[in-house]
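Protein chains in written order, with numbering that gives the first Met the number 0: chain A, 0 to 395; chain B, 0 to 395.
There could be a bad hint or two in this list.
Pairs of lysine to any residue, SDA-like flavour, derived with a Cα cap of 25 Å [what the hints assert, rightly or not]:
| id | chain 1 | residue 1 | chain 2 | residue 2 |
| --- | --- | --- | --- | --- |
| 1 | A | 68 | A | 152 |
| 2 | B | 82 | A | 333 |
| 3 | A | 333 | B | 166 |
| 4 | A | 333 | B | 279 |
| 5 | B | 333 | A | 333 |
| 6 | B | 82 | A | 379 |
| 7 | A | 333 | B | 294 |
| 8 | A | 82 | B | 381 |
| 9 | B | 82 | A | 113 |
| 10 | A | 82 | B | 61 |
| 11 | B | 333 | B | 378 |
| 12 | B | 219 | B | 76 |
| 13 | A | 333 | B | 168 |
| 14 | B | 333 | A | 113 |
| 15 | B | 333 | A | 159 |
| 16 | A | 333 | A | 348 |
| 17 | B | 343 | B | 378 |
Facing chain A, a subset of chain B residues (Cβ under 7 Å, in silico) [claimed, not checked]:
| id | residue |
| --- | --- |
| 18 | 123 |
| 19 | 153 |
| 20 | 156 |
| 21 | 209 |
| 22 | 210 |
| 23 | 214 |
Hints were generated in silico from the structure; no laboratory data involved. The beta-carbon is built from N, C-alpha and C at its ideal position, and this holds for glycine as well.
Here is how the chains run, residue by residue.
There are 2 protein chains.
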Amino acid sequence: MQILVLGGDGYLGWPTALHLSDLGHEVAVCDNFARRGYDEEMGVESLIPIATLDERLGAWAEISGKTIKPYVGDLCDAAFVHKMVADFRPDTIVHFGEQRAAPYSMIDQAHAVYTQTNNVVGNLNVMYAIADIDRDIHLVKLGTMGEYGTPNIDIEEGWLEVEHNGRRDRVLYPKRPGSFYHLSKVHDSHNIEFGCRIWGMRATDLNQGVVYGADTGQTKLDPRLATRFDYDGVFGTVLNRMVIQAVLGHPLTVYGNGSQTRGLINIVDTVECIRIASENPADRGEFRVFNQFTESMSVRQIAETIANEYPGECTIDEVDNPRVEAENHYYNAKHSRLEELGLKPTLLSTTLIDHLFEVVERHRDRVDLAAIMPTVRWAATANELPRTASELAPAP
Amino acid sequence: MQILVLGGDGYLGWPTALHLSDLGHEVAVCDNFARRGYDEEMGVESLIPIATLDERLGAWAEISGKTIKPYVGDLCDAAFVHKMVADFRPDTIVHFGEQRAAPYSMIDQAHAVYTQTNNVVGNLNVMYAIADIDRDIHLVKLGTMGEYGTPNIDIEEGWLEVEHNGRRDRVLYPKRPGSFYHLSKVHDSHNIEFGCRIWGMRATDLNQGVVYGADTGQTKLDPRLATRFDYDGVFGTVLNRMVIQAVLGHPLTVYGNGSQTRGLINIVDTVECIRIASENPADRGEFRVFNQFTESMSVRQIAETIANEYPGECTIDEVDNPRVEAENHYYNAKHSRLEELGLKPTLLSTTLIDHLFEVVERHRDRVDLAAIMPTVRWAATANELPRTASELAPAP
């Protein structure tokens, strides 16, 4: 197949492009290097050094004999998106090309607006390119399990059968996300479902869990093929960050009491899920949703698993939760549809954790410990004035 | 109370500002005149001539002795919004300031992106101004009944009690809107509900039905106080448009078989609903939703009511439905909460329709009949190429 990977220079976009190319698909990647720019803005960098896109593509050609075509540009530029899709004529567009950190979206007004505009407009432009050029192009869109929030009922895969006052309907699963970033993905999902109705688009929305892991079969073939590994308080996700804390002898920081439960997925399963979704396209007009994770764990369970496995001293610290989110909540999220299509889950194991310890050990001199702690607080707006009239003028 | 009306120069924003000012509230209006700009772009104009905002405010001061303060600027300009809210220090912000025509949002990619960016970013900026300056400011936000679509179950007011696999939760009512405009309001609702959770915002989301009517107690006091009356295929809504067709001896155009059912509300009830919502604020942290309409009718019933009432010849024509929407659907939408707070509904009556005939008769020379018919088709994208590979290369 011809597969275009948007955000193909990122943590998951790059390994996905390699995996699909390795399997013989004709792959192109698109990126505007926004993710590398956020590093500059935040003053942090990937734990594992990463090559430029140019070096990456050259290394892959050298090692595999296969070429991946690069498109450099911004998805918010509709003319660029249209030209790229008309030029490459993909069968599938895999869309990783969005700002993907909840804390980044919560920094202040400008970052919230940037995240929603960038993600929603970029996705609309991709939808219009498909509608204009070829409505049979299958859109495989990365969403997040965070779109659902933590409802008190089972989380289904995107749709819910409801009975209400004696009547039934199949409705979009109600969403209650936890950041302006997660909200941007909810907006995308609603827009895409509408595109399926009016244009007969084929779409697969992948509500992905928290991804962990440092490499895949392809990225480890050569240091120039490595993908990024983020551990900072803004872009780092929980498991990767805790592995680094363990190796550095820093307490594992759990937000709040750590009872928050999340779906997890290993990076090698992510790239397989994308292959499975691409090779089994949605029907014309179908808005298909898969929950893309393989196991659920509480943040505390993750910390305990890592602490138990770490050969040295390792403690766990509860820090003030910077987010506004439920603790001690019900969580039962379904995730059978990708397994029905052939996914063989790679569950978290001591081997996997040991491998991560080793990766971090190799790059430990690159870690900036100060970057690990959370700096963005959900209830603040970064530039707020006194909050209420009574705070302005205290009662006499 | 101090009430700031965003979009205060528009069809409903202006009469709302007058109504609230008339009742003794301290009112300010904000507008960037985008709505007058759309008229220029589309080459149409309001059936009833409207004065400039400056003339309107002068006339109101002259007639009522009351002043309404104008703020001219764009809600997408965060610094402007912050300054305005800090300067006026409202108790309530009534937010009409969005692009509000479904067909306009469906013209092409640029209009879809404009509508979602303008509405979502403007609303985020208002939310941030509230969070920064005073979280007790009550946001009264105009949404639309079109956010719900036409589910096969009863439509509740914003929230739904769900039982699923033996567990219960109260969830946001699942939305399935019918245009990129309606989607922008769904995005707003999700963003605001989040603001209530993280910042303790007070918000009332008003899912309004199709508004009809030409004037209120205040707008008819002087021609300079008149509000706009749109009948064109892009901004005109169904009832107003059909009244004009009747007066001009043009068949009433029903889209499809006309069985689509919609909630309706008279303009005099709209301004009352805003008063009621403002004077009974939501609690801290509450995301409150009211369905703001007073009766449901099918498009065909509306046409038949007008045709029966019109003294002259009047026929009904079914035209190809330009929208992608369900016909012959179930529709039972609740709307009791505003009535519980004191709304006395003004139902569609022969007197009301006769009054509209008279208004249109007075301005019939201003009608451009060519502007009435729908020009925007939902399934098209205005600039599409051949749609599928098979259309590009027909089978041999």
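Against the structure, the hints come out as follows:
no. : hint            : result
1   : A:68 <-> A:152  : 44 Å, violated
2   : B:82 <-> A:333  : 47 Å, violated
3   : A:333 <-> B:166 : 15 Å, holds
4   : A:333 <-> B:279 : 41 Å, violated
5   : B:333 <-> A:333 : 32 Å, violated
6   : B:82 <-> A:379  : 19 Å, holds
7   : A:333 <-> B:294 : 40 Å, violated
8   : A:82 <-> B:381  : 17 Å, holds
9   : B:82 <-> A:113  : 21 Å, holds
10  : A:82 <-> B:61   : 57 Å, violated
11  : B:333 <-> B:378 : 30 Å, violated
12  : B:219 <-> B:76  : 34 Å, violated
13  : A:333 <-> B:168 : 17 Å, holds
14  : B:333 <-> A:113 : 36 Å, violated
15  : B:333 <-> A:159 : 21 Å, holds
16  : A:333 <-> A:348 : 21 Å, holds
17  : B:343 <-> B:378 : 40 Å, violated
18  : 123             : 6 Å, holds
19  : 153             : 5 Å, holds
20  : 156             : 13 Å, violated
21  : 209             : 20 Å, violated
22  : 210             : 24 Å, violated
23  : 214             : 35 Å, violated
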